[in-house]
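Peer 1: Each chain sits in its own coordinate frame; assemble them with the hints.
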Amino acid sequence: MRTLHIKLRRNLWTLREQGLAIALVIAAGVATFVMSLSTLDSLRLTQQSVYTSQHFAHLFADLKRAPEATAERLASIPGVAQVATRVQAPVTVQVADFPDPVTGLMISVPDGQQPALNRLFLRAGQWPDPGRDDQVLLAEAFAQAHGLSVGDRLSVVINGRYQRLRISGIALSPEYIYQIRPGELFPDFERFAVMWMNRSALGAAFGMEGAFNSVTLSLAPGQGAASVIEQVDALLAPWGGLGAYDREDQISHRYLEDEFQQLSAMARFIPLVLIGVAAFLLNVVAARLIRTQREQIAVLKAFGYDRRTVALHYLMLVMVVVLIGSVVGVLLGVWMASGLASLYQDFFRFPWLEFRLRPQVAVAAVLIAGGATLLGTFTAVRAALLLPPAEAMRPAPPARYRRTVIERLGLQRLSQPSRMILRNLERQPVKAGLSMLGIAFAVSILMLTGFSRGAINHMVDVQYRLAQKQDVTVTFNEPVSWRAVHELRSLPGVQHAEAFRVVPGILRNGHRSYRGAVQGYLPDSELFHVLDRDLQPLALPREGAVITDHLARLLDIAPGDTLYVSVQEGHRPTLAIPVAALVTEYIGVGVYMQLPALERLLREGGSVSGAFLAVDPLYLPALQQALEARPAVAAVSLRDTLIRTFRELMEDNILLFTLFSLFLAGTIAFAVVYNNARIAFAERNRELASLRVLGFTRAEITFILLGELVLLTLLALPLGFALGAGLCALMTLALQTDLYRIPLVLTPATYAWAAAVVLGATLLSSLMIGRLLRRLDMVTALKGME
Amino acid sequence: MVDRQPVFRTRGVTRVFGDGPATVQALRGVDMSLYAGEFVVLLGASGSGKSTLLNILGGLDTATDGEVWYRDQNLSQASERVLTRFRRHHVGFVFQFYNLIPSLTARENVAIVTEIADAPMTPEEALDLVGLAPRMDHFPSQLSGGEQQRVAIARAIAKNPAVLLCDEPTGALDSKTGIRVLEVLQDINQRLGTTTAVITHNAVIADMADRMIRLTDGRVSEVHENTRRLSPAELHW
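Protein chains in written order, with this note's numbering: chain E, 1 to 786; chain G, 1 to 237.
If you're looking for bench data, these hints aren't it; they were derived computationally from the structure.
Be aware that a few hints might be false.
Stated by the list, open to error - Covered stretches of chain G, going by a simulated chain E footprint (3 or more residues, C-beta under 8 Å):
#, region
1, 50-62
2, 106-115
As the list claims (entries may be wrong) - Cβ-to-Cβ under 7 Å is the rule here; a few derived chain G residues that face chain E:
#, residue
3, F93
4, N99
5, I101
6, P102
7, S103
8, Q190
Even glycine gets a Cβ: it sits at the ideal position worked out from N, Cα and C.
Just chain G, with the same shape it has in the complex (with noise of 0.2 Å):
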């Protein structure tokens, strides 16, 4: 099911933080590849440098040295034009904390998107996709934590991205809605092939995956395919 063609390749990444005395260094040399299609879930302690390695990927910050590569394109040396542009046309982003915007109900926090996206799919089926039709026109104060993430999973995916890159989807959340939403990146993932990497430091959910890339102090230290995976509904913590 999953076809060997990358969509994200990193050579020697690295990031440094501050300089002088107070240099942090968050990655110390990253190989990886990310696969067109396939789930891949992040896994590493605080401070392991996974959340740096998202933003480098999605565009948010750059690396210091090495090479980041989207399809043919080359990220690391992109200007603040052309990344905002990647962002905008082929990177879904899900955050721990939603992120949404409160002075717009659900559908227009996802019109938000698709009105400035290439080929998107219409907010009412994006949040269709997500489950979330019958309440499309409640403002986020209106919506559970578990929906606000899942109207911005619905946010995400509207405007059809390469690639969704989810930052602790579950960390605000109980593990019940937690694994509702899950089921929700899942499902996105086998039905429309989108692909899908999520940190966490939960270990468990690296059993839904295709692969697990475990980070240790700014390097990937353990790469794990899984030949069988769980649905969320196994899953447990």
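Bound conformation, chain E alone (with noise of 0.2 Å):
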């Protein structure tokens, strides 16, 4: 027994090129997987934990003002846990040496102290003393995007009073994790600040004193939301309420909830495609490597031993690979989550990051893989044992081969190398098509990690050049008359400016519902388009509106039925409105009308929400200047800036993900196309030598194993692409959200890309087998026996 383990580590040593290839296989595999799950379950127990430590309320209410005393009423409704009012502010802040419009949300803290919901975690410095005015804390993100610390001023605007305030500590809101403007579809965390103040400091500053305009709740445990939303509604009616909304409706929380889903979707279904992959590469791959040691399983049977013992010595051979396998890829994949997490943290801002890899993750993992590879081994141990030893002992008899197809179709003119490849690749079609299955898997797992790129590219392209052509949005504090849109078109280089509005409402059909808005345009407007399926500019209909395809399915709605809109603003009117058609669009969900039809329905005219301007580049600095001054201006929003923003934000969340698994999915398209050719060299090593000593030179003899190598992996190319837009087509179904949806937009490039790498591992193995035909030895291959 202890000989037949001195054979297995020289057994081990002999294939150890081959064993670490099918090791980096497993690696790859068990390491996405890891990486993803832990990454993923990592950032869902953070946000847990944060909300839990943090008190993050479950109710949320805006209204124009409230007594104080409301909030007792509020306390006393069923299910209430606690209650927790505040004053929230807009306002705009200016920041040293930046020149862009900066906005932001002032919120008030109960004096000197954390409030009861939605608790604030200190990063730094400390809390605004009691009765001071001239303290504040600053969100983290806005303080780092302008390198800001405790000690630093800040001159803020509230309530058109110009104010000089301190910066007394950074802070973290379980609120605004995801911190993001309202109405916005991206983070900016330079252009947005979000600020907390002394209750009584903000109430002066903000005519609240003694009133609230903003109420946060938390439940009793088992407390559904729906009835206490309710109550809360009737409760606050008279005071100007805008309608309670639960966490679904929470920006953050919502946006969070979004990403995770995506975020989710792609940790699912990469790995389980890249381990999936790995798997069926393993099971064919040592399979064939078992099969390469015929001869000295039926030595070992020749010798006594039994099937169990020569089984297990095989198998032995195989776990230890696996095991280096699974160790490198688990602990890779921690290191890779745990990187992913923190890089996710930028973006997400937790107080905190909990990591946590399951440990059902990485066994499952390495079972996928290891059970795999070991299966494959079995099966081929299996067969070599079910040979007499005599017969195994022997070379091989000459294999049964015919004519190829292509040549009984009467291409005659082949010389006999190309004739040999052909039929070696039409006799085995099994193997030859497993081959080829591997490298297509290989090349379809490059396409669906590579492609998003040219997706993401495809999706600005839409959004910000065919269909938004503005350079500038401007966004009222609240509706205006149409004179301020006059007024815009008279400030330096504004070229041309139209008027929008934007109707915040419910939507509903039936009992579904989604908390948007209605948008009314210009029916001849030269900036904004809606696009049809062909990306040509659709006429909104003159009645009706047109709404985004995916918001369609959400409130399961279709051309011809009735929209409801429940207005979040105003009289707080319902409005009924045909849907008249759909259109596709990859960022945000949007109900477009006429601006004309959306009056009419409200029973008002000439009040709009915002403009859009086209503006002569050279003037945009100044131009930004003028629009700060003017206190109607709630926000200015720059298409380069959501170009640049947007293109971070698929940076940071989708690209970053893929980038990773981009490079264990070249790993494994390598190890699979070198395992490839280096099992082929194992078996026509003896037909190889033979050519050797008829005279072949190592070119020719080159050009039989590696023409075969290269015309599989031709072969395998075009499977490769039709399985990789299979994959990616379903990736996208998958990573459809509200905020954006990743078009199935397969460019040249992706498949270039693929196709290169693929070809690269190909060339790379060709000059690693090349290395080892030149070492061939020809008098031991024809004695016929290692």
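Peer 2: As structure tokens, this is what we get:
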């Protein structure tokens, strides 16, 4: 038995290169699996832990103004555990040396202490001193974006009054983990600030002494939100309540969920595909590797070793490889996951990060990859064991061949080496097919992990070059008269201005609803278009609305149906809007109407929410300053900034993840191709040596061996392209969120990239095999047995 | 019938495998010649060095020391590239286990050599010479052992080699089939005048040769010239 162990060690050494390649596939498969699921687990766990320990509220409501006494009545609603009232004020912020417009939200905290709900996490500095009106806590994301720290000063305009404030501390809130300006799609840490100030000071500055305009509530355990929302709404209606909502509609939570949903789709899909592919390859490769050991197995049997011992011997050989691959894979996966999770932290502003590797995840990964490998080994060992030893020890009898289809079709003018290549492939169609499938899988996972970059470029192109052509979007604090738009036209650099109206509301169809808005645009708008399927501008109908197809799916609504909108401003009417058509949009969701039609529905005239501007780029800085100086302007967004923040979002979120996966997919691709080549070499060894004896040059036998490999690869490419396109299509379906839908756009670059990696792997493997061919020992090979 | 023009000459050829205490001295100074057109049997026990010598003559291996001349070319100094060319154009090999390419038919197994040779006969001619013309479109798996060996012979002679080197050509065959193979070899030797060297441990075969060279422990121990060559049909083992 000891000798068998020595043999095991030596075999491992002899087979080290192929063993390493197999271990590499296992490691890559396991690492992707562990990385993806652990990243997701860790982010979820962190979210839970932050929500719990920071007392993240369950319900939120904004209103015009209510006396503080209302809080007690809110607290007495059955099922409400805690109530925290506060004052929220929109502010504009001036940061030294930063020219762009910055808006922010000032939120009150009880003087000198934590609020009951949505507690802040103090990263640095201290709480504002009670009674002080010149100290604020600043959200970390904004502070980092501008390099601000404790003790620095800020200028803020609250309620039209300029104030100098000192940063007393840097804080993080569970309400702003995804720190985004209301109404926008992407976070912009540089241009949107969140700050906290003493209640007494903010109340005084905003005219809210003894009153509140925002309230958050927590619910008793097991209490449903719906009935409480109803009562809260009834209670706050006289005070200009804008409708209470639960976590599902809380911006940070909703976006966080969206992002997690997307990440989770990716984190399940990609690793499952990768580990599935790895499992398939490992099975095939292990089986072929064992088949090259046929004669040795026979010899052991001839010596009188029983089947179990021999089988165990080879299983152990492979188990060592599995073990190495698994350990490396788990460690690599954990390392990448912790890196990835902390990178996500730049984006999801959690005060802390909890890392979790569930043992089940690691075990499942190892079982899938290792199990497939061992299964392949086992089947091959069993086949070898079933042969009588005398038969297995002889050099294998000449394998049965026949003329290939190509030859039978009449293509006779092939050289003998070409014939050998073709017949080898055709004689063992299953083996050739499996090799091809393996390479095709490698191509497909490369496409899957590589296609998002092209798709995202396409999204940006469609959204910001075809659909929305405005350079600047100006949003007013509240609906204003058309005159404001005429005034904008007179500002420096403005070439063209178009008004638009956005009416926030709850969109309903039957029991389905969605918190969104109805948007009205000029019928002959030059700057804003909705696009049809062929990306051509679609004229808005005179009556009724055009809505995003994704929204239509959410609401289960189709053209011809009526969409009901509970408007969340003004007199809060309910509108009935016929759905005229659907449009495909990649970013956000919308309900689009002609502005006059929307005005008729609202029974109002002449008020606008904002304007799109076409601007001479030379005047942009001056224009920004001019806009900022106007008190009615709530937000100014620049197209270039939007594009940039969108790209940053995508890079942080999707590209980062796919980059990691891409690396692992590349590893798998290389290992597959290399092992294919390596095993083909082991199988052909003798034949190639015979040819060398007959006077064939190295180049000529290299052609025979590598010709087969290259031919297989070339045949596998189209198959891989088809598989890859299918996988990409599946993934785009899995990745649809309200925030954005990644279109299935497969650019030539995506195909080229996947093909290049696989061909590169083929070339590299060829070079490595070429080295083996140079060392081919003619004399030994001719003896028939190693 | 044998003119005394040497095709191969060796002077003090040694071949050492391995180094240190594990050294094996396979050849310990072999001096011999092979003459044009003759049929030589190299006889020796297992481990006597006969295969090593054949491999060196055929350019599959190089001597550790000593000289090997093919006509006026010194093989002992030749590069890998030169040896490949030498095998390609001048040497025909026949092995114990045939070493046919299983994916090619008999005809194609011959063609794979004629395609790269200088002035070959056609595969059909070569197969006709070994009596396999009717079976030339069969794959190796469809041929018996003796037939496979005859394909190997056809493959070896198709390039019109200066020398035919056969390593235990009958080793894997029963005596009846073996004799048929030897008949083919003798026929080729007589009809084409191809210098033929056959390695065997079967002493009986020496009776059909012009000369027998016996190797013992890496040295030539005996050279015997037959006054009368038996035909293979007269051999028994």
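Peer 1: It remains to establish, for every hint, whether it holds in the given structure.
Peer 2: Quick rundown of the hints versus the structure:
1. A stretch counts as covered by a chain when three or more of its residues have a beta carbon under 8 Å from one of that chain; for the region 50-62 of chain G and chain E the count is 4, and the coverage holds.
2. Coverage of the region 106-115 of chain G by chain E holds in this model, with 5 residues showing a Cβ closer than 8 Å to a Cβ of that chain against a need of three.
3. The interface hint given for F93 of chain G holds, since its Cβ lies 6 Å from the closest Cβ of chain E, which is under the 7 Å cut-off.
4. Against a cut-off of 7 Å between C-beta atoms, the interface hint on N99 of chain G holds, since the closest Cβ of chain E lies about 4 Å away.
5. Against a cut-off of 7 Å between C-beta atoms, the interface hint on I101 of chain G holds, since the closest Cβ of chain E lies about 6 Å away.
6. Taking 7 Å as the C-beta contact cut-off toward chain E, the hint placing P102 of chain G at the interface holds, the least distance being around 4 Å.
7. For S103 of chain G, the interface hint holds, the least distance from its beta-carbon to any beta-carbon of chain E being 4 Å, beneath 7 Å.
8. The interface hint given for Q190 of chain G is broken, as the beta carbon of that residue sits about 24 Å from the closest beta carbon of chain E, more than 7 Å.
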